[in-house]
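There are 2 protein chains.
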Amino acid sequence: MAEETQPKEKPAMPREERPAMPREERPAMPRDVILVGKKPIMSYAMAALMQLTESGEITIKARGRAISAAVDVAEVVSKRFLSGNAAVKSVAIGTEVLGEPPRNVSTIEIKVSSKPKK
Amino acid sequence: MAEETQPKEKPAMPREERPAMPREERPAMPRDVILVGKKPIMSYAMAALMQLTESGEITIKARGRAISAAVDVAEVVSKRFLSGNAAVKSVAIGTEVLGEPPRNVSTIEIKVSSKPKK
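Line by line, the protein sequences give chains A and B.
Position one of the first sequence corresponds to residue 1 (the numbering used here), numbered consecutively onward.
Position one of the second sequence corresponds to residue 1 (the numbering used here), numbered consecutively onward.
If you're looking for bench data, these hints aren't it; they were derived computationally from the structure.
Here the structure is a predicted model, which is why all the values come from computation and not from measurement.
Warning: the hint list may mix true and false statements.
[Stated by the list, open to error] Under 8 Å between C-beta atoms, here's a sample of chain A residues computed to sit facing chain B:
#, residue
1, 68
2, 71
3, 72
4, 74
5, 75
6, 91
7, 92
8, 93
9, 95
10, 97
11, 108
A virtual CB, placed ideally from N, CA and C, is assigned to each residue, including glycine.
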C-alpha cells in the first residue's frame, strides 16, 4: 500500500528533471553577471571590480528590495573604485512574476563597462 | 540694545533669502517629477498616473532605500495601469553627497512617457 516510502531504486523522476525554475545563481549564469542580494554592498562591489578588470564589462542584477543595493554597487564600482575608468553603460528595469501565489517583483539590470586606458 | 526682538517691520532678511538647500519637494521642482519616499507604492503610482495623463511624461526620482520603490512605481504605472500605452523611456543612476558628515547616497531617475494613442 505505502509504495512511495523507501523505494529501493532511485526515484524515477529525479529532482533535476523537474522543470527548472529560473534560478539565476546557477552555472547557467555567465560569470560576468553579479546578482546582488542581502550581503554587504562591498562584497558585491569587490566581486564586480574583479570581474570588470577581467572581462571589461559586467551586468549587475537585482530584484525587489535589493535593487537599491545594486545601484549602490554600480555607483561604488564606477565612481569610487574605478573613477574615470569605468562607466554605467545602461540601466534597464523590468518585472518578473515569482512565487506561489504569483507576485510581481521589479528587477534592475545595470551594465558597467571599463573604459580603455589611453 | 535688544534691537532684534520684536522689530516693528518685517525682518530684513526673510527666510526665503537664505541660500536654498536642494530640497526637491519645493515648488522649484517641476510638477511632472514624482519624488518617491516612504509612502506606499500605490500612492506614488496614482500621483504618477494622474501627472502622466496630464503632461505625457513624468520623471520618477528617489534616493537610497527608496530606489526600489521608485522602480516599483515605474513598473506599476507602465505595465499595469497603462499597459501598452506608456513606457519607460530612460533610467539614470547617480550619486549625491548628503548630510553631515557627508555620505554618498545613490539616486535614480526614471522617465516614463505615455505613447500617443493611435
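Hint by hint, here is what the structure shows:
1. The restraint placing residue 68 of chain A at the interface with chain B holds, with a minimum CB-CB distance near 4 Å, inside the 8 Å limit.
2. For residue 71 of chain A, the shortest C-beta to C-beta distance to chain B is roughly 4 Å, which falls under 8 Å, so the interface hint holds.
3. Restraint check, residue 72 of chain A versus chain B: the minimum CB separation of about 5 Å is within 8 Å; hint holds.
4. Contact between residue 74 of chain A and chain B, as hinted, is supported at the beta carbon level, the nearest pair being about 6 Å apart and thus within 8 Å.
5. The closest approach between the C-beta of residue 75 of chain A and any C-beta of chain B is roughly 5 Å, which is under the 8 Å cut-off, so the hint is satisfied.
6. For residue 91 of chain A, the suggested interface contact is upheld, since its CB lies about 4 Å from the closest CB of chain B, less than 8 Å.
7. Interface restraint check: residue 92 of chain A against chain B, minimum CB-CB distance 7 Å, threshold 8 Å, status holds.
8. Annotation: residue 93 of chain A was flagged as interfacial toward chain B, and the flag holds, the nearest CB pair being 5 Å apart, inside 8 Å.
9. Evaluation of the residue 95 of chain A hint against chain B yields a held restraint, the C-beta minimum of about 5 Å falling below 8 Å.
10. Annotation: residue 97 of chain A was flagged as interfacial toward chain B, and the flag is violated, the nearest CB pair being 11 Å apart, outside 8 Å.
11. A least Cβ separation of about 6 Å between residue 108 of chain A and chain B falls short of the 8 Å threshold, and the interface hint therefore holds.
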